[in-house]
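Produce the entire structure from the sequences given, and follow the hints as far as they go.
There are 2 protein chains.
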Amino acid sequence: MSARKPQYHLHLETGRKRPAIFHLTEEKWIEATKRHRLLAKKLKVTIGWDNEILEQSLQSADFMINSFPPKNDLRLRAPRLQWIQTTSAGVDGLMPFTWLPKDIVLTNNTGAHGAKAEESCLMALLMLQSRMPEVIKNQQNHHWQGIFTTPIHGKTVVILGFGDLGQGAGRAAKKLGMPVIAVTRSGKAHRLADKVVKTNQLDKVLPKADFVIVTTPLTAETRGLLNKERIQLLKEGAGFINIGRSPIVDYVALANRLQKGELLGAVLDVFDQEPLAPTSTFWETQNLMVLPHISCDDPRYIDHLYDFWFFNFERFLNGKKLKNIVDRQLGY
Amino acid sequence: MSARKPQYHLHLETGRKRPAIFHLTEEKWIEATKRHRLLAKKLKVTIGWDNEILEQSLQSADFMINSFPPKNDLRLRAPRLQWIQTTSAGVDGLMPFTWLPKDIVLTNNTGAHGAKAEESCLMALLMLQSRMPEVIKNQQNHHWQGIFTTPIHGKTVVILGFGDLGQGAGRAAKKLGMPVIAVTRSGKAHRLADKVVKTNQLDKVLPKADFVIVTTPLTAETRGLLNKERIQLLKEGAGFINIGRSPIVDYVALANRLQKGELLGAVLDVFDQEPLAPTSTFWETQNLMVLPHISCDDPRYIDHLYDFWFFNFERFLNGKKLKNIVDRQLGY
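Taken in order, these protein sequences are the chains called A and B. Mapping the first sequence onto this note's numbering, position 288 (from 1) lands on 338, and the numbers just tick up by one. Mapping the second sequence onto this note's numbering, position 283 (from 1) lands on 333, and the numbers just tick up by one.
What the hints contain is simulated information worked out from the structure, not anything from laboratory work. For clarity, every value in this text was computed on a predicted model and none was experimentally measured. Careful, some of the hints might be misleading.
Copies of one chain are not kept apart here, so a pair can be met inside one copy or by any two copies together.
The calculated lysine-lysine pairs, modelled on DSS-like cross-linking and capped at a C-alpha distance of 25 Å, are [stated by the list, open to error]:
| hint | residue 1 | residue 2 |
| --- | --- | --- |
| 1 | 78 | 238 |
| 2 | 258 | 205 |
| 3 | 238 | 254 |
| 4 | 245 | 225 |
| 5 | 224 | 205 |
| 6 | 121 | 245 |
| 7 | 67 | 91 |
| 8 | 285 | 225 |
| 9 | 94 | 205 |
| 10 | 94 | 370 |
| 11 | 78 | 205 |
| 12 | 371 | 92 |
| 13 | 187 | 67 |
| 14 | 258 | 248 |
| 15 | 248 | 278 |
| 16 | 91 | 121 |
| 17 | 91 | 258 |
Encoded structure:
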């Protein structure tokens, strides 16, 4: 009887098609085991690419890190599986959770994105306030035009969702001296927000926004939340930022208002189809900045994920409730 | 004998060719007098455009706000003149001060730019760290490419000059969690800088910089300070920002390193010739963002200038030394 004998099988499932920063590489895993030596000794680990060794791994796996877990007959194929960790914060691609046995816990990666999201929101807010889309266009045309803008200090930002990303946006706004109105499901007060309202108050606060930042997860409740009518509620000259998910917002309605020059501009980091097709009109929409889904992801992403997994594994061993358990009804 | 009779003649001299935000308009002046009623009653004010009424105004003016004061025979033409206020912070265009009678005080507008400079530096630092020049180019080419970058937190910034603009840059860096090394003439410690070194230590600190921000005024000491040899001291992947004056930096050397891909990128807000000529190669230099001298100027600039002038006028009336007196040797 030795405590050093691996007691659990962890399977890491990864995909070559995803950007390299999301690869669950052996190299990064080995680095992580050096940071968590004692915990790592309790594990037998397999790493699979593009489901090549998925079936045999499932047969003995206790835990799995996998953003695209198999949905058919999971319990039959993975008799010992009790915990799945995703690499992403958003689990909208896995809903509804009818495929997920009740006794398998699903945890997401929320918390990994806040620091980068904060800096990205700082940048996006200031780029819009400084009318960078026009300045950039002028550079392309070798055209010098003094576009002078006031500091952003004192302008109001409405932040949809106030989780990991939303609080990052909130910290950014506070650093810029901006009043923050957060819109959340609960409406519960938060130290980073001057005011928190429930989602049903959205129509009242949208017209107050100098800037809107969308950070909510995509769920049944948030899909289509910023529909055409609500995009119309944005005041003249408002700036718009989306670092959450694209189906929350009617981009066509948004683009129409941008083309008419009614809005200050938009920074969009997420799109229905990614990569955005070269033929998309959004690339050329006036005052719209297309970012390639980079605003919340640190290249050290997987290192952080591994650290978080070990943190949770220690909780598991101590019989504590895991962190980041996804609510199957709410979808985050 | 009435205290309400104007005792002093203030002449405002302005130019139509400058951007409108710098115009010393009657409208803005009237607004300012409402904020400073008692002081304004002591003044007779004339406003001249493009020197059209300059000569007769000089004959009786006690004070003048003028960024391009006449340099020939000033004492003869303006026998009562005792104080000139410029609209800009930099007075490099007025040097050397051989034309300025010893008994005329020259004050500049330093202090008006810090708030905007802070936000501009925040934005420029984050745009470089996020490799926005590449992301922008990709958008132009309808090309989706996930360029992932770490947060800027913890990277070192070297700030040249630590006056109004430099401290704005310092506040920006501190908000981003960046260690700050300031390079100043005195080397005197400052709460916003982790370290302050004298200019003669420049060669030692430049290689440590992840980012360099140039904020110094243009003086005999700073002209050509960042020459070709010093640009070569910037480490691979360093970012470069200039919100000060262009002749401080060898832009050709900088552009060469940018073209070779040796640097992260540059945000340049100032150029030798402004407007930058459409034929300039800087518009197309790789990873170089051309900003049209907008980083430190708030559109409420002249309002702030008038408020500052009244603040100083009150000091004058009370026999106190004026603020922002330009040192004729140092040039700022």
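Do the hints match the structure? See the list:
no., hint, in the structure
1, 78 with 238, "neither (39 Å within a copy, 45 Å between copies)"
2, 258 with 205, "within (10 Å within a copy, 36 Å between copies)"
3, 238 with 254, "within (17 Å within a copy, 51 Å between copies)"
4, 245 with 225, "both (17 Å within a copy, 23 Å between copies)"
5, 224 with 205, "both (11 Å within a copy, 22 Å between copies)"
6, 121 with 245, "neither (41 Å within a copy, 57 Å between copies)"
7, 67 with 91, "neither (31 Å within a copy, 74 Å between copies)"
8, 285 with 225, "within (24 Å within a copy, 29 Å between copies)"
9, 94 with 205, "neither (53 Å within a copy, 38 Å between copies)"
10, 94 with 370, "within (22 Å within a copy, 78 Å between copies)"
11, 78 with 205, "between (42 Å within a copy, 23 Å between copies)"
12, 371 with 92, "within (19 Å within a copy, 75 Å between copies)"
13, 187 with 67, "between (33 Å within a copy, 24 Å between copies)"
14, 258 with 248, "within (15 Å within a copy, 48 Å between copies)"
15, 248 with 278, "within (20 Å within a copy, 58 Å between copies)"
16, 91 with 121, "neither (30 Å within a copy, 81 Å between copies)"
17, 91 with 258, "neither (55 Å within a copy, 40 Å between copies)"
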